Amino acid sequence: MPLEIVTLPVLKDNYVYLLHDAQTGATAVVDVPEAAPVMAALDQRGWNLSQIVLTHHHWDHVQGVDELKAATGAQVIGAKADAHRLPDLDSAVSEGDTVSICGEPAQVLDVSGHTVGHIAYHLPETGAALTGDSLMALGCGRLFEGTPDMMWNSLSKLAALPADTIVCSGHEYTQANGNFAATIEPDNAALMSRREAVSAARVAGQPTVPSVLSEELATNPFLRASLPQVKASLGMADSSDAEVFAEIRRRKDRF
Numbered sequence: 001m002p003l004e005i006v007t008l009p010v011l012k013d014n015y016v017y018l019l020h021d022a023q024t025g026a027t028a029v030v031d032v033p034e035a036a037p038v039m040a041a042l043d044q045r046g047w048n049l050s051q052i053v054l055t056h057h058h059w060d061h062v063q064g065v066d067e068l069k070a071a072t073g074a075q076v077i078g079a080k081a082d083a084h085r086l087p088d089l090d091s092a093v094s095e096g097d098t099v100s101i102c103g104e105p106a107q108v109l110d111v112s113g114h115t116v117g118h119i120a121y122h123l124p125e126t127g128a129a130l131t132g133d134s135l136m137a138l139g140c141g142r143l144f145e146g147t148p149d150m151m152w153n154s155l156s157k158l159a160a161l162p163a164d165t166i167v168c169s170g171h172e173y174t175q176a177n178g179n180f181a182a183t184i185e186p187d188n189a190a191l192m193s194r195r196e197a198v199s200a201a202r203v204a205g206q207p208t209v210p211s212v213l214s215e216e217l218a219t220n221p222f223l224r225a226s227l228p229q230v231k232a233s234l235g236m237a238d239s240s241d242a243e244v245f246a247e248i249r250r251r252k253d254r255f
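Under the UniProt record's numbering, the first residue of the sequence shown is numbered 1, with each subsequent residue one higher.
In short, the hints are calculated from the structure, not lab data.
A quick note: this is a predicted structure, and the numbers were derived from the prediction, not measured.
One should not assume that every hint holds.
What the hints assert, rightly or not - With a straight-line cut-off of 27 Å between C-alpha atoms, the simulated DSSO-like cross-links for lysine-lysine are:
1. Lys-12 - Lys-252
2. Lys-157 - Lys-231
3. Lys-80 - Lys-157
4. Lys-69 - Lys-157
5. Lys-231 - Lys-252
6. Lys-12 - Lys-69
7. Lys-69 - Lys-80
Stated by the list, open to error - Label pairs and their computed distance ranges (CB to CB):
8. Ala-163 - Asp-238: 27 to 33 Å
9. Phe-144 - Met-1: 20 to 26 Å
10. Ser-226 - Ala-40: 27 to 33 Å
11. Ser-240 - Arg-142: 52 to 58 Å
Where is the CB? At the ideal position from N, CA and C, for every residue including glycine.
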């Protein structure tokens, strides 16, 4: 059976995800900006935390790890390449590794760009990808450490996953990302429809993540840099996919 996924808002606009196997009771949390909301959500459901799964080192993804580990004894999984700036890891993983999350095999992907050493986890049985601040709903993470080529390569790995993959990303940026996306593809009907749905969800106080990869492929400009119509709209018909991605990222940074 696929794992249950619970989306939990924390801080101002962050999300963490609880993953739960109803048969075994195994529970994992993806990134820990703060411990208290996670512990409250676990207590509410009567779940015991067994794993803490980290995507990257930024404080708003890890600052609650030590407190949560001390309270629960959960094992911490994170990137070997980033171990020097992550909380202490019980399991250090790299691209190509398979790690068990709640008993389900998860494939580790290097998705450097937002940071160098950022990783994502693909759980094919559940049909989910834990992407942190790499691929985001209608966007991607700002390139604080990596290069455009690096991020385009990372996003291309995620874009190649099955189209029905659930994308579990780390922030509630979707509405602002959609406003920017409309400047790149103002005639994209799927994008306009999605923006309306996102706005309605936010008015209702509902999260706009996780999303579905097929939806991102149809509307997220950062995944669409290879398309002729996108290149043409930017006046970059003869440019490489990575060059077009870099231009879209530059525009977003100034938006």
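Each hint, compared with the structure:
1. A distance of roughly 21 Å separates the Cα atoms of Lys-12 and Lys-252; the hinted pair therefore holds under the 27 Å criterion.
2. For the suggested pair Lys-157 and Lys-231, the alpha carbons sit about 20 Å apart, so the restraint of at most 27 Å is met.
3. Using a Cα cut-off of 27 Å, the hinted pair Lys-80 and Lys-157 holds, with the two alpha carbons roughly 19 Å apart.
4. This hinted pair does not check out: Lys-69 and Lys-157 have alpha carbons roughly 31 Å apart, beyond 27 Å.
5. Between Lys-231 and Lys-252, the direct Cα distance comes to roughly 16 Å. Compliance with the 27 Å bound is thereby established for this hinted pair.
6. Taking the CA atoms of Lys-12 and Lys-69, the gap is near 23 Å; set against the 27 Å cutoff, the hint holds.
7. In summary, the hint linking Lys-69 to Lys-80 is supported, as the alpha carbons are separated by about 19 Å, within the 27 Å threshold.
8. A beta carbon spacing of about 29 Å between Ala-163 and Asp-238 agrees with the range 27 to 33 Å that was offered as a hint.
9. Remark: the range hint 20 to 26 Å for Phe-144 to Met-1 is contradicted by a beta-carbon distance near 38 Å.
10. At roughly 43 Å, the beta carbons of Ser-226 and Ala-40 sit outside the given window of 27 to 33 Å.
11. Between Ser-240 and Arg-142 the Cβ separation comes to about 21 Å, which falls outside the hinted range of 52 to 58 Å.
Checked against the numbered hints given earlier, the structure breaks hints 4, 9, 10 and 11 and satisfies all the rest.
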